[in-house]
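Chain C is fixed; fit chain V with the ligand onto it per the hints.
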Amino acid sequence: MELFYSDADLAFRDEVRSYLDDALPEDISGTFFGYGRHSWHQMIRWHKILADKGWVAPNWPEDHGGTGWSPMQQYIFDSEAMMAGAPRLRPFGLKMIGPVLIRFGSEAQKKRFLPRILSADDYWCQGFSEPGAGSDLAALKTRAVWDGDAYVVNGQKTWTTTAQHADWMFTLVRTDPDAERPQQGISMLLIPLDSPGVTVRPIITIDGDHHVNEVFLEDVRVPADLLVGEENRGWTYAKYLLGNERVSIANVGQSKAELALLKRLAANRKRGNVALIDDPVFGMKLADLEADFLAQEVTNLRMLSQVRPGQDVGALSSFLKLRGSEIQQRIQELAMEATGALAAPWREADRPRTDDYGMHGWLNSRAFTIFGGSSEVMKNIVAKQILGF
Amino acid sequence: MDFSPTDDQRMIADSFARVFEGGGGQAELDELGLLLAAHPEATGGFGAGVADLVPALVECGRAATQAPVIGAAFLPGLALTRAGIWAEGPACLDPEAEVRIDDDRLTGVLPVVPGADVADRLVMCLPDDRLAVVPLSVAEVVPFALVDGRGAAEVRLDGARATITDTVPGLTGAIQDSAVTLYAAEALGALYAIREMTQAYLKERRQFGRPLGSFQALQHAMVDLYHDIEHFQSLVHLAARCCDGPDVAMRLRSVSALKRYLGGRMRRAAASAIQMHGGIGVTEEYALGRYVKRVIVADLLNGSADDHGARLARLIAEETRAADRAAPADDLKENVA
Ligand SMILES: Cc1cc2nc3c(=O)[nH]c(=O)nc-3n(C[C@H](O)[C@H](O)[C@H](O)COP(=O)(O)OP(=O)(O)OC[C@H]3O[C@@H](n4cnc5c(N)ncnc54)[C@H](O)[C@@H]3O)c2cc1C
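Chains as they are written, first to last, in the working numbering: chain C, 1 to 389; chain V, 1 to 337.
Possibly wrong hints are sitting among the right ones.
Partner residues are not named here, just some residues of chain C that face chain V (Cβ under 8 Å, in silico) [as the list claims (entries may be wrong)]:
id: 1; residue: Lys263
id: 2; residue: Glu290
id: 3; residue: Leu301
id: 4; residue: Val382
id: 5; residue: Leu387
It should be emphasised that the hints constitute simulated quantities derived from the structure, not laboratory data.
Glycine included, C-beta positions come from ideal geometry on N, C-alpha and C.
Next comes chain C alone, as it looks inside the complex (with noise of 0.2 Å):
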């Protein structure tokens, strides 16, 4: 979309690219365009090369390592990293609690855990959900309990993504099971999992991967610098996280990326005796796809640019990721559409397959419109906030 990009915008794509040609390993780019899926350790080796450049944290303030980019220049740092087939950074620290700690932390909070998110020394997953507390999140029921010098905290938490390979999880607890609305008893604790008392459980999905897991919580004790923010003011830093999460769940960068490999893909596959892409019916999806990611695309950068750094974007956010997570479901789709038969058999999930941009993409993708906020939960919100019903 050159029509768009100022000259500034194309010097700055330009740079971008070259420092991508030199920086981005030759194996992590083949994964992707083998159609195959980052390996943990990928990520991770991406994650501090482009900490040593200074380019992890974008979106972050610039006296906290971030790049001072315009949300147009994240957004085509973000597009060119995936075209050229970076592994998608885990949210977690770059999006969720660094930005919560810059906005709410305590000076020493900040000192202490945002180099080391930088740095890649410190991982991080999100305790929020509960069995008892999905789309009604308000209704956690993990305790807290002060006890002279630390609190004690008793519960479990569910779907947590990543917890195998996290030092650490933010966590939503209740302090104050008799405040008024259950949104008032909310606190946001700090919990290093390796904390006696800590119990990390594998779930597997339906993809055969290992994605999530049950973390159960028994008489851990988390000291009072570990609170962030204020006591019972948690729900606050929650839902100025979730916006965050939301809109990094819309991720256009990627889709646009995964669109571009899914016609590549549909290139070189054949219905009958044309290639699948110039087949009339596969073109008319591919088409009505490229018209929805085109929309989305424009879309998201005329309201992201419209918010200031740091502020909090609220509902526009559950707006953007109900469009964004559709769109990678129907990417998923067409490729296993495209991908046919050969999609079809059972591969473990440890093994390294080129296949995964077929039925395990679409798998996978039904996460997409549930986690984060499900998609019906996002109208409510739209409904509720920006509609005022």
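Only chain V with the ligand this time, still in chain C's reference frame:
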């Protein structure tokens, strides 16, 4: 990315809005010279481009005006400006006239030409990128109203002598795409009106002792409508800028995406707005129908959503093949039968 109107665009749009607020139409627009916005500057116009016209067309859609703003003003204006010629008197334009050409004589039937009921001249984009102009006095003109109330006519040419320009490279494609975009911009205004009416109706109409807007099924339908219109808005602005710009591939892509959206999501949005209104939504008297018809007319004119879907698909295939030739070998190639 910022699509807010420039001062000039705002000024044109405000002038249109004021005319409509005062109950005015074609005569008032004409008097103020507003219908010449897209015409060449040398002939009293402002030489406005497609993007310049979008805010004004949004006002036209909101007002569901009967004035032939696109068919007999903006569209011929754009074509004449681009071709660098001037036809005396009001003109209308058919961007894809199917006519037989013998030297300077044209023969054919143009079944639906918006604005031909009021114009003196007919401008046609020929497939070889020339522009033909014939006085309508030498044609048979059968006027009728479109379903949304605007005037149009069937035009029959039987060896009519035309003034034909030299080739202007890329002219016909550019004007055809501009036609799609102008009608879409007007449909956007109508869709804003549809959205506002529906949102207000859900808040005010009560059933089962509650406002309709308290029912989740309707809230979600309203969110879908809102959502789709926001995205359509982005495509209108994008396509308009592409129509004015030099990047032809991007123009084809954005305009076809726009038309596909119009015939898909926007047609459904219009239907959904009727559904959310219940019975009142299908009455002649209630204003909703006027706006819905405006959207559907834009959907039907200037090539179908399927034509544009197919065009977009071809473009995707071409671009992918070009990119693939430059890309590393594909692992899955061995799977190709
Ligand atoms: C792969 C994956 C990764 C995740 N990672 C994390 C993580 O790292 N950390 C974390 O804290 N959580 C995580 N989650 C949890 C996620 O946020 C929840 O799954 C989500 O909020 C939905 O909650 P639920 O699963 O309990 O479904 P429920 O809330 O029980 O919803 C079930 C269905 O009912 C619908 N529904 C619920 N309420 C309403 C309503 N009011 N109106 C209309 N429909 C409604 C929902 O849309 C859904 O379709 C993850 C989930 C998945 C699947």
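Query - Violations among the numbered hints, reported as their numbers in ascending order - result: Structure breaks no hint.
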